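> Based on the sequences and whatever the hints tell you, model everything.
What follows is the residue order along each chain.
2 protein chains.
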Amino acid sequence: MATLQDIGVSAAINILSALAFLIAFAILRLQPVNDRVYFPKWYLKGLRASPIHSKFVNLDYRMYLRFLKWMLDALRMPEPELIEHAGLDSVVYIRIYLLGLKIFVPIAVLAFAVLVPVNWTGQWLENSHDYTFSDIDKLSISNIPSGSSRYWVHIAVAYLCTFWVYYMLYEEYKTTTTMRLEFIAASDRRPDQFTVLVRNVPPDPDESVSEHVEHFFCVNHPDHYLLHQVVYNANKLANLVDKKKSLQNWLIYYQNKYERNPSKKPTTKTGFGGLWGARVDAIDYYSKEIEKLTEKMIDDFIQEAAERERVLSDPEALLPAAFVSFKSRWGAAVCAQTQQSNNPTIWLTEWAPEPSDVYWNNLAIPYVELNIRRLLMAVALFFLIFFFMVPISIVQSVANIDGIEKVFPFLKNLVERSVLFDACSSSLVVIQDMNVMFLNGWLLLNINIFILHLLLVPYPQDVVRSFIQGYLPGIILKVFLLLIPVVIMIMSKIEGFTSFSSLERRSAAKYYLFILVNVFLGNIIAGTAFEQLHKFLHQSPTEFPKTIGVAIPMKATFFITYVMVDGWASVAAEVLRLVPFIIFHIKNTFLVKTEQDREQAMDPGFLDFPTYEPRMQLYFLLGFVYCLVAPILLPFIIVFFAFAYLVFRHQIINVYDRKYESSAAFWPDVHRRIIIGLFISQLVLLGLLSTRNVKKTTPLLIALPVLTIWFHRFCKGRFESAFTRFPLQEAMMKDTLERATDPTLNVRTYLRDAYVHPIFKGGNEYCSPPGDEEEGIPLVSTKRTSQKGSKVTSLASSEADSPRK
Amino acid sequence: MATLQDIGVSAAINILSALAFLIAFAILRLQPVNDRVYFPKWYLKGLRASPIHSKFVNLDYRMYLRFLKWMLDALRMPEPELIEHAGLDSVVYIRIYLLGLKIFVPIAVLAFAVLVPVNWTGQWLENSHDYTFSDIDKLSISNIPSGSSRYWVHIAVAYLCTFWVYYMLYEEYKTTTTMRLEFIAASDRRPDQFTVLVRNVPPDPDESVSEHVEHFFCVNHPDHYLLHQVVYNANKLANLVDKKKSLQNWLIYYQNKYERNPSKKPTTKTGFGGLWGARVDAIDYYSKEIEKLTEKMIDDFIQEAAERERVLSDPEALLPAAFVSFKSRWGAAVCAQTQQSNNPTIWLTEWAPEPSDVYWNNLAIPYVELNIRRLLMAVALFFLIFFFMVPISIVQSVANIDGIEKVFPFLKNLVERSVLFDACSSSLVVIQDMNVMFLNGWLLLNINIFILHLLLVPYPQDVVRSFIQGYLPGIILKVFLLLIPVVIMIMSKIEGFTSFSSLERRSAAKYYLFILVNVFLGNIIAGTAFEQLHKFLHQSPTEFPKTIGVAIPMKATFFITYVMVDGWASVAAEVLRLVPFIIFHIKNTFLVKTEQDREQAMDPGFLDFPTYEPRMQLYFLLGFVYCLVAPILLPFIIVFFAFAYLVFRHQIINVYDRKYESSAAFWPDVHRRIIIGLFISQLVLLGLLSTRNVKKTTPLLIALPVLTIWFHRFCKGRFESAFTRFPLQEAMMKDTLERATDPTLNVRTYLRDAYVHPIFKGGNEYCSPPGDEEEGIPLVSTKRTSQKGSKVTSLASSEADSPRK
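So the protein sequences, as listed, match chains B and G.
Take 1 as the starting number for the first sequence in the numbering used here and just add one per residue.
Take 1 as the starting number for the second sequence in the numbering used here and just add one per residue.
By construction, these hints were calculated from the structure, which means they are not laboratory data.
Here the structure is a predicted model, which means the values were calculated and not measured.
Check each hint, because a few of them may be wrong.
For chains that are exact copies, the list does not tell them apart, and a pair is met inside one copy or across any two.
What the hints assert, rightly or not - No more than 35 Å apart at the CA atoms, straight line, and that leaves these computed lysine-lysine pairs for DSBU-like:
1) 535 x 546
2) 734 x 174
3) 696 x 493
4) 535 x 716
As structure tokens, then:
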């Protein structure tokens with residue numbers, strides 16, 4: 001096992017590289033040219049139109065002196081203002097990091113004050129000469145002899161910690177619930193407050209979907225029903241619009257290139273992506289290309305208009321789903337929470353998501369199909385988690401012909417040099433060994449190692465060879481790992497959830513399972529997830545926690561490195577925004593002509609909840625598991641939480657855009673996953689102590705997971721419905737208030753176009769073909785589309801209005 | 001293992017004794033004196049006032065000739081009429097037996113047509129000389145050699161059976177749902193359709209509970225709220241009333257005795273139950289006793305009146321719960337299904353149970369206390385199930401000083417005699433061995449054995465000795481087993497459910513777990529439940545199904561005996577109604593003076609759902625498990641289902657009273673438990689085949705439980721909400737219909753007194769003290785109580801009316 005010195009060196013390297021990233025960030029962010037990379041939110045909000053300093057490079061040295069000032073800035077904004085600025089989702093998200101601090105700082109203090117002395121003086125390792133051990137092991141529970149009464153101290157601390165976690169979780173759930181309710185209460189009038197999504201409208205031989213919906217709700221909610229909007233099957237249309245957008249981008253690119261170099265004759269190939277095909281190198285080619293494209297666009301435009309016409313007039317394009325709006329929030333709350341029909345698989349009502357949150361493709365999946373999809377996806381998830389390594393191993397064995405065994409001599413070569421190399425190589429071993437590593441940390445680490453490698457290896461050809469041999473398998477693993485969140489999101493979409501927010505919540509749940517099995521268990525029990533599964537099935541239920549419990553103390557150093565490499569580094573990389581930085585500058589160079597183009601080239605990004613949150617949960621789990629076993633891990637986790645809190649607070653203030661606002665609907669999931677972490681840690685402790693010959697403690701230890709399950713149920717009953725239902729009292733209060741403050745409000749007008757498919761709404765935006773036709777067609781087309789647009793809305797509303805008295 | 005001959009003999013004995021019971025029943029039921037024992041329902045319904053034949057003993061020989069005619073009678077009543085007559089709960093309950101037939105008859109046909117020939121010709125047991133085997137084993141899967149391709153036949157049959165079960169369960173769920181909805185739709189106006197039970201009304205410093213409820217619902221359901229009834233803490237009052245009722249019974253008993261034997265001086269003792277204390281033997285004692293009692297009753301009456309006064313006027317006696325009634329079913333449906341307040345632990349609304357279904361004691365348990373109670377009861381249930389044998393063993397070891405080992409020589413003594421004895425003794429071993437046996441079957445069996453014993457053992461003192469030694473441990477076990485449903489019901493009451501129907505459903509769930517562990521697992525894996533738990537924890541998850549799978553074929557004969565002894569016999573005993581028979585005749589002799597008294601002495605009993613249903617589930621489980629392993633068990637189970645269907649159909653027509661009507665709300669539980677049985681059988685099959693060296697079949701076998709879980713979720717989503725929610729469409733339909741057919745209906749008057757505590761309602765019934773005071777006080781008291789009674793109702797309604805416009 002590694003010594004304290006090893007860890008110190010490793011920490012120093014990681015801290016230095018994180019610091020390097022931070023300095024790079026501090027410098028880059030002050031350059032006006034990067035203003036749109038690092039402060040896009042202010043542009044989006046319309047608070048900033050151009051960089052504050054107009055020069056290309058900022059030369060004001062005073063600003064460089066205070067290069068960590070952004071951290072203070074990030075902390076300065078008070079929470080209510082932050083909610084106003086960034087939305088409740090983001091604020092509650094960063095509060096998870098804060099919760100990590102609140103939980104682990106007191107636990108760390110307790111552990112260092114009580115457990116570390118108890119462990120240190122255990123003297124088991126010194127007395128037994130069978131083991132090699134380091135100072136770190138002396139701090140851990142491994143130093144307590146089997147059957148010692150010192151374990152009672154650990155159990156007492158376990159109880160204290162557990163109750164502290166319960167208390168913090170309870171308080172946090174309460175606070176979040178209050179924040180959510182206040183946010184909802186304080187929020188302005190929004191269409192989703194009045195609207196219910198109705199799915200699985202049963203077919204009726206005599207009536208269209210629209211009529212059927214109308215009649216049903218007129219009968220069953222006579223005093224509250226207002227209007228409804230049917231859902232059109234606009235998938236084909238959406239594809240056409242996407243295609244047109246892509247063509248437009250290419251057109252602009254060619255035009256720019258052509259304008260900048262009218263004399264030079266750049267070469268290109270006619271094949272896919274300009275990569276192969278016949279080589280043509282004339283300006284004519286571009287002109288023709290542009291002409292062709294423009295012609296194509298006009299064709300497409302006509303095609304699209306025809307398609308749009310068809311969709312709106314064709315009753316077959318109507319999906320058996322509708323957005324039904326009510327006269328009051330009370331009416332909507334009632335309809336969303338009750339069952340409408342005898343058959344609970346038809347007339348399904350639920351709160352309408354925000355218009356921007358609707359995932360339109362999934363609105364019309366029949367009940368049986370939905371169930372089969374979920375079954376298939378559950379099976380697929382199982383295979384994804386447990387057989388994830390199979391395709392990777394195949395690709396790796398094909399890609400690396402020399403075989404992985406040659407990697408190890410290369411490492412040995414490194415090891416001989418110095419302490420620095422020692423640390424590097426151990427990090428490299430971590431990479432190879434770790435099964436799952438995440439891009440940012442991995443990038444950072446590889447850059448480090450590569451630079452050190454270049455500096456210290458005398459023969460450059462060695463570098464290349466060893467790079468290929470040493471890094472290729474890692475890169476292949478990385479590519480697969482990067483695909484995981486994407487694959488998981490696709491799976492969630494297949495499962496048929498109807499809003500982006502629920503899709504992201506489901507994806508996060510899946511990804512958490514993946515990380516739990518492949519990172520946590522995968523690193524504790526060596527071998528692939530499938531091997532673990534095999535082991536798990538062929539060991540007794542008490543044996544499995546034992547296996548983990550015994551392995552846990554030995555893996556402390558590994559996880560310390562992991563926290564630094566994955567946790568710290570990925571946060572540092574997050575703030576640097578390397579990928580958006582590069583992409584923005586590429587776009588800025590090749591595509592941007594006007595200020596509006598620059599606006600579009602800007603990519604603020606979103607808070608990637610389904611990827612970040614499960615990763616963060618791993619740190620909670622590690623904290624819970626190691627707080628009793630090897631408290632030395634805790635400071636590293638605390639640093640992670642503090643650093644991440646700072647960075648993400650900065651990011652949500654200055655960078656990220658809001659995709660949707662779910663009012664912290666994800667909190668029950670977050671809470672549950674933290675509870676799962678706690679539960680696992682308690683099982684592990686039970687397993688560990690059952691190997692230490694202290695049988696008397698078992699009943700006390702069994703009580704802990706039972707209590708945890710109970711606590712979970714208690715909190716669920718106490719708070720969860722605030723996240724899934726909308727209390728009538730609230731609804732009534734808001735209705736009454738609104739009636740008093742705005743008696744002339746016409747809800748019908750307000751809601752009429754709220755839930756029209758974005759394709760029909762955004763008609764004007766995409767329909768004017770650029771280039772030569774700027775004078776003629778655009779006018780007509782705009783006219784036509786706006787006619788279409790209004791036709792859509794008038795159609796939707798007339799359908800809702802006409803048969804009503 | 002037992003041979004076919006053994007089982008034949010055992011079956012013959014059991015069939016004969018069941019037949020004896022049936023003949024006894026056939027004779028007894030025709031005696032006019034027993035009419036109130038065997039046909040109480042007709043009296044309750046007012047369709048019969050006195051026995052058809054007025055003679056004491058029925059001598060019409062023609063009726064005896066058709067002694068099995070009741071079976072045909074029981075089948076004759078068509079289902080709609082039966083629902084009308086006995087309620088939906090009872091009808092759906094007997095349909096579970098019918099479902100058993102529908103599931104297992106085709107499976108048995110398939111198994112005997114396919115599996116039995118395949119097993120019979122497997123020739124494994126004949127070729128291997130290591131095992132002793134019988135013909136029964138040759139019919140079972142044990143006869144197939146390891147690794148044989150014949151197992152594919154079993155897997156194919158498993159799939160066929162599984163899909164058949166799915167189909168039948170799905171159809172049955174659908175039918176039950178339809179029946180429930182039709183029943184609810186067809187049912188008359190009932191107060192619970194308009195009423196919602198509101199619990200956890202938060203305390204308010206300025207308002208009483210009643211005002212608070214009123215204001216809250218006036219504000220939040222302004223168009224629908226009608227009135228409410230608060231719940232009084234009448235527990236003390238209820239105790240007083242109970243005490244008085246018991247005193248009255250004793251009084252009548254003494255009066256009767258005194259009147260019948262005015263000359264004779266019977267002796268009694270003054271102590272508890274007349275069992276000890278000073279012996280007094282004079283008529284004076286009774287007179288004094290009566291006087292004392294009467295005085296006491298008057299005192300009590302005054303005390304009760306005072307208590308009643310106090311309860312109604314004391315605001316502290318108001319519980320934070322209320323029954324809130326709405327103007328329409330729609331309003332009630334909305335309120336019951338929605339969340340009222342931000343805080344989901346206050347203002348909890350749910351459908352009000354029927355007035356007769358309300359369990360008044362549990363209406364006011366705060367949220368935290370409720371959670372703690374459930375936690376404690378979950379832990380208690382765990383200990384009840386797994387440590388159930390501990391107190392029994394202690395009592396047994398104390399009660400049987402000679403030690404259980406002496407039982408076995410006695411058995412050996414029996415074994416030597418004849419084949420009959422052989423069968424008897426094997427039955428006795430079953431009893432001792434079985435861990436859990438149920439009273440009726442046990443009674444029957446013991447009577448058999450005892451009679452045989454008397455006939456065949458030469459020395460009577462042997463009989464007594466061996467009876468004590470052989471039966472005492474069994475009796476002790478029996479007493480504990482009889483207490484189990486009672487204990488479980490008390491546990492459910494502590495858990496805080498608010499209606500008898502939910503209490504019974506919860507008790508059934510607990511009892512099912514108990515039977516599953518202690519009867520099913522307990523008999524397959526020898527040893528106490530705790531030992532099984534230990535084994536389970538220390539075996540791998542794949543090992544446990546293997547252990548069971550291997551043991552299953554060996555236990556076939558045991559379970560065949562079990563089905564006959566427990567299943568057939570208990571059903572036969574059910575129809576004979578031995579205990580109510582005895583009790584009725586005792587009461588009839590000692591307590592009955594008037595026809596009204598006789599009415600009260602009649603005990604129709606109820607369908608004991610929480611005891612019968614879990615036991616029946618065991619037969620489903622056995623059927624699923626053995627249909628592939630040893631199909632020989634199936635005919636016995638089919639006979640059980642058919643016989644039970646007949647008997648219970650007869651009982652619900654002629655005997656049982658309805659305690660409440662939950663409209664088959666228990667069906668989702670029944671369905672789930674059948675699914676659990678299927679799931680267990682699939683795991684067992686997986687375990688069994690994994691020991692038979694046919695690895696290729698594993699994926700096919702794993703797919704089965706996954707499919708079963710999916711099927712459960714599918715059905716749950718498809719049907720369950722029909723049992724927990726009330727669709728608005730239905731409510732609206734009934735409201736509209738009622739408004740059309742009965743426009744003058746005053747719902748307020750109809751609902752005013754619906755949910756008054758039965759103590760306040762039944763005031764007159766218990767308040768007139770009998771005896772000497774018949775002229776004076778009763779009038780006053782009746783007046784006083786009726787005043788009180790009307791005061792209660794006027795109070796309740798005035799509280800509801802006064803602040804309304």
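> Determine for every hint whether it applies to the structure shown.
How the hints compare with the structure:
1. Within a single copy, residue 535 and residue 546 get their C-alpha atoms as close as 12 Å, and across copies as close as 16 Å, so both meet the 35 Å cut-off.
2. For a Cα distance limit of 35 Å, the shortest separation of residue 734 from residue 174 inside one copy, 22 Å, qualifies, whereas the shortest one across copies, 41 Å, does not.
3. For the identical chains of this complex, residue 696 and residue 493 are inter-copy neighbours only, at 34 Å across copies versus 50 Å inside a copy, given an alpha-carbon limit of 35 Å.
4. In this homomeric assembly, residue 535 and residue 716 come within 35 Å of each other (Cα to Cα) both inside a single copy, at 33 Å, and across copies, at 33 Å.
Checked against the numbered hints listed earlier, the structure breaks none of them; every hint is satisfied.
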